[in-house]
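S.K.: Sequence:
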Amino acid sequence: MKKQIFLLTAILIIVFSSCKKENESPDIYGPWIALQSDAQGQLFNVQLNINTDNTYDWILLESVEGHSNSTASFVLEGDILKIIEDADCEGVGEYFVSVESNKMALIAKNEACGPRAHALEWVWKKYAEN
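Numbers in this note's numbering are just positions in the sequence shown, counted from 1, shifted up by 1.
These aren't lab readings, by the way, just hints derived from the structure by calculation.
No residue lacks a Cβ here, since even glycine has one placed at the ideal position from N, Cα and C.
It cannot be assumed that every hint is accurate.
[Claimed, not checked] Straight-line distance between alpha carbons at most 30 Å, and here's what the computed DSS-like set of lysine-lysine pairs gives:
hint	residue 1	residue 2
1	Lys83	Lys127
2	Lys110	Lys126
3	Lys110	Lys127
4	Lys83	Lys104
5	Lys126	Lys104
6	Lys110	Lys83
7	Lys104	Lys127
[What the hints assert, rightly or not] Each pair of labels, with its calculated beta carbon distance range:
hint	residue 1	residue 2	range
8	Thr56	Gly79	11 to 21 Å
9	Ile81	Thr53	17 to 27 Å
10	Ser64	Pro116	16 to 26 Å
11	Ala129	Glu63	13 to 23 Å
12	Gly42	Leu62	29 to 39 Å
13	Gln41	Glu78	27 to 37 Å
14	Gly67	Asp28	25 to 35 Å
15	Glu25	Gly67	10 to 20 Å
16	Ala113	Glu78	27 to 37 Å
Work out the full structure: start from the sequences and follow the hints.
M.R.: This is the structure in C-alpha cells:
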C-alpha cells in the first residue's frame, strides 16, 4: 500500500512538473531526508546530501543492521539524474527527478542495482537546519 501511494504521488509530481522547460534541471542540491523501510520492516531515517561537485552521500541517521552509508557520483541532464560511479553498484543508474516546493521525487528510469534503487527511490523532504 505504501509503495502504491508513493508511486501515485511521484507520478503526480512528474505530471505537474512536466510544464517546465525541457532542458531545465531542477534544483536538487543540498540536504534531503526521508523515512525509509527495508524488507525486514525496519524503519529508519536517512539523509541524502546532494553536493554541488555532483556527488551524493546517502547517510543513515541512526544505526540500522544490514545497512551502511554510501556515496556516488552523478550527472544531471535535464530532469534525469544519471549515477555514473558507485562503489556499491556496477553500471549506470538513471532516475527521473522532480522537485516541487520542498519535496523531491526520485523514480528509477533505468536501474539494474536493486539496493541502490531501494535507497534512492523515495519522495525526499528538503532538510532545513534550525
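S.K.: Hint by hint, note whether the structure agrees.
M.R.: Verification of the hints:
| no. | hint | result |
| --- | --- | --- |
| 1 | Lys83 with Lys127 | 20 Å, holds |
| 2 | Lys110 with Lys126 | 21 Å, holds |
| 3 | Lys110 with Lys127 | 22 Å, holds |
| 4 | Lys83 with Lys104 | 19 Å, holds |
| 5 | Lys126 with Lys104 | 5 Å, holds |
| 6 | Lys110 with Lys83 | 10 Å, holds |
| 7 | Lys104 with Lys127 | 6 Å, holds |
| 8 | Thr56 with Gly79: 11 to 21 Å | 19 Å, holds |
| 9 | Ile81 with Thr53: 17 to 27 Å | 18 Å, holds |
| 10 | Ser64 with Pro116: 16 to 26 Å | 18 Å, holds |
| 11 | Ala129 with Glu63: 13 to 23 Å | 20 Å, holds |
| 12 | Gly42 with Leu62: 29 to 39 Å | 18 Å, violated |
| 13 | Gln41 with Glu78: 27 to 37 Å | 35 Å, holds |
| 14 | Gly67 with Asp28: 25 to 35 Å | 33 Å, holds |
| 15 | Glu25 with Gly67: 10 to 20 Å | 38 Å, violated |
| 16 | Ala113 with Glu78: 27 to 37 Å | 19 Å, violated |
In this structure, the hints that do not hold are numbers 12, 15 and 16, in rising order.
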